[in-house]
Amino acid sequence: MTSCLLSFNLLPWRGSRPLHVLKESSIRCNRLVHQYATAQQSFEELGLRRPVIAALQEAFPNVIRPTPAQASFIPALLSGKDILLKGQTGSGKSFGLLLALLSLPRKFNRVELDGKYVKSSTTTSLFIVPHRDLALQLMHWTASIHASILQTGGIDSVAQLVLRGINPIPAQVDKIHNCSPHVLIGTPQAVLEALQLESNPLKLPHLSTIVVDEADYLIQYTPRAPDKYKRDKFELDLKRHPSVTRQILDMVYSPMRQAFNKKKGIKQAQEIERPLKPMVLHRPQLIMTSATLKSQFRYSVLTEGGWFRQADDKVTIVTGSPSEVEDANSVMGGGSLVHSALIVSDDGTVRNIPGAVDLPTGTAETETTQGEADQPVATEIPPPSSEDFDDFTDTASPFNQNALEAVATVFALDVPRVALLVLKAAAPVRRAIFDLRSLGINAHGLDVLEPQSGGSFLLQRGVAPEDNPTLLVSTLATTRGLDLPDLTHVFLLGAPTGLTPDEYMHVAGRTGRFGKDGTVIAVLEEPRIVKDNTGKTYNQNEPRWIQNIYTKIGVTPRMVAHFGNE
1 MTSCLLSFNL LPWRGSRPLH VLKESSIRCN RLVHQYATAQ QSFEELGLRR
51 PVIAALQEAF PNVIRPTPAQ ASFIPALLSG KDILLKGQTG SGKSFGLLLA
101 LLSLPRKFNR VELDGKYVKS STTTSLFIVP HRDLALQLMH WTASIHASIL
151 QTGGIDSVAQ LVLRGINPIP AQVDKIHNCS PHVLIGTPQA VLEALQLESN
201 PLKLPHLSTI VVDEADYLIQ YTPRAPDKYK RDKFELDLKR HPSVTRQILD
251 MVYSPMRQAF NKKKGIKQAQ EIERPLKPMV LHRPQLIMTS ATLKSQFRYS
301 VLTEGGWFRQ ADDKVTIVTG SPSEVEDANS VMGGGSLVHS ALIVSDDGTV
351 RNIPGAVDLP TGTAETETTQ GEADQPVATE IPPPSSEDFD DFTDTASPFN
401 QNALEAVATV FALDVPRVAL LVLKAAAPVR RAIFDLRSLG INAHGLDVLE
451 PQSGGSFLLQ RGVAPEDNPT LLVSTLATTR GLDLPDLTHV FLLGAPTGLT
501 PDEYMHVAGR TGRFGKDGTV IAVLEEPRIV KDNTGKTYNQ NEPRWIQNIY
551 TKIGVTPRMV AHFGNE
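Note that the UniProt record's numbering has the sequence shown beginning at 1, numbered continuously upward.
Treat each hint with caution, since some may be false.
[Claimed, not checked] For lysine-lysine, the following BS3-like pairs were computed, each having C-alpha atoms within a straight-line distance of at most 30 Å:
hint	residue 1	residue 2
1	Lys203	Lys239
2	Lys536	Lys203
3	Lys424	Lys536
4	Lys239	Lys228
5	Lys230	Lys552
6	Lys531	Lys424
7	Lys294	Lys116
8	Lys119	Lys107
9	Lys107	Lys233
10	Lys116	Lys175
11	Lys107	Lys203
12	Lys233	Lys552
13	Lys175	Lys239
14	Lys203	Lys116
15	Lys230	Lys294
16	Lys536	Lys119
17	Lys233	Lys294
18	Lys175	Lys233
19	Lys552	Lys424
20	Lys552	Lys531
21	Lys531	Lys203
22	Lys119	Lys239
23	Lys203	Lys119
24	Lys119	Lys552
25	Lys294	Lys228
26	Lys424	Lys230
27	Lys294	Lys552
28	Lys233	Lys536
29	Lys203	Lys175
Because the hints were derived from the structure by calculation, they are not lab data.
Could you build the full structure based on these sequences and the hints that come with them?
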């Protein structure tokens with residue numbers, strides 16, 4: 001076994017300054033209520049290491065100081081506390097977490113090599129994200145920082161990925177074992193598969209920090225239910241069929257495994273008395289983050305999961321406001337975010353949703369603010385070759401063509417560089433791209449995996465061409481957490497039954513980030529009777545569904561100027 005060279009000239013770690021917290025005795029944790037400090041702090045004052053700061057300033061010179069959100073949680077992370085972080089979309093949450101993880105002290109293990117004991121670096125942090133594109137974005141940020149100054153060793157010693165669809169998982173694990181990264185970034189499915197390999201599974205004995213980004217999306221929790229039977233049934237189903245992320249956390253934090261009788265579907269009276277072989281030598285710090293951490297989710301993971309520390313002063317909840325009820329602009333970045341909805345009739349008529357009001361005069365896109373201009377992003381979009389779409393020429397499209405034409409109209413008239421079209425979860429993205437290109441739109445799938453495909457480009461601010469704007473096409477599941485610096489418009493094609501305010505806010509939060517203006521337009525069909533996969537009919541009323549969401553998040557829809565009310 002060879003020792004992996006480090007890429008950091010690490011300085012002695014200095015603890016962060018004490019946090020001002022409010023005791024929350026009911027769940028025995030600290031609560032940092034006001035996320036946004038009034039005084040501007042420097043990255044060094046927050047406790048980041050000087051080499052990391054120097055590399056950050058070299059790679060992204062316009063990132064002069066931390067955002068208020070970053071200033072609130074970085075000291076808590078560096079002090080080793082467990083954290084539940086509720087950060088607005090566009091507040092630099094994921095970027096700040098990465099900087100803090102890179103500043104954590106590196107751990108080493110003594111291994112025997114040629115009869116001598118040498119120091120070998122180990123993986124310090126595991127960063128779990130909901131989808132591949134966000135993992136690649138984090139890796140791109142790390143590579144940019146590493147390439148600027150921290151280049152005394154390879155990037156593999158700083159960060160590596162464990163993802164499906166790139167290389168076989170066993171090959172990725174072998175690479176990690178040969179050169180342990182400081183930060184390991186991966187999706188839940190890939191991480192669990194790596195941990196459960198029969199031969200040479202992923203081993204992280206010295207892991208000191210685990211971050212779960214978009215935690216309320218990755219972890220099921222017991223909802224509020226007045227019916228005790230329904231609540232108990234949900235809890236039982238949750239234990240019998242835990243999400244992948246729950247399984248990972250249980251492998252790390254649960255000392256005992258509870259056995260279940262699958263045939264009867266009930267918990268056995270006894271627990272397995274033999275403790276599981278610990279996956280780590282010491283209990284890692286746990287950080288969960290999202291833009292929409294509901295109180296019931298927080299209560300569930302703090303009291304039922306068994307993952308967070310139970311001692312006083314060991315858990316910090318970071319929120320943006322002392323109030324649980326926040327309006328949409330607060331949750332989605334605090335900028336001027338315009339919400340609109342268009343209703344498309346069968347005859348092709350397009351009108352604004354009832355209740356939409358005129359956009360105030362003078363509303364315009366603001367200039368780039370500090371901390372936002374150089375937020376990096378790994379979004380290389382290879383345009384699919386023409387032969388990929390030949391099979392669609394003679395087949396009927398599942399999409400409402402009038403709705404796509406409405407998207408194309410607004411895109412052509414209003415979008416300066418980049419927009420995002422979000423489809424329902426199971427919608428065929430390639431077919432949507434084909435239909436949009438047939439309308440003359442420069443449409444591409446949101447895919448960061450294959451940058452070597454012809455014509456790929458990197459979506460950093462100011463790089464996307466103004467003379468040929470791009471419409472990226474994605475689904476609800478693959479948009480969470482992504483930063484697209486040139487993105488000004490988000491289109492939501494339809495409002496599927498079951499779309500929650502939280503899901504809507506995550507989609508809308510792809511624009512209007514870092515206080516910048518943005519526009520979110522839902523393109524909806526008229527109310528109609530539809531059939532589901534089982535043949536049953538039901539009333540689909542997308543306009544009413546989106547209006548209910550507007551009411552719950554406290555926004556008034558604005559008119560799209562190109563269309564009327566009737």
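Quiz item: Against the structure shown, which of the earlier numbered hints fail to hold, in ascending order?
Solution: 2, 7, 9, 13, 16, 18, 21, 22 and 24
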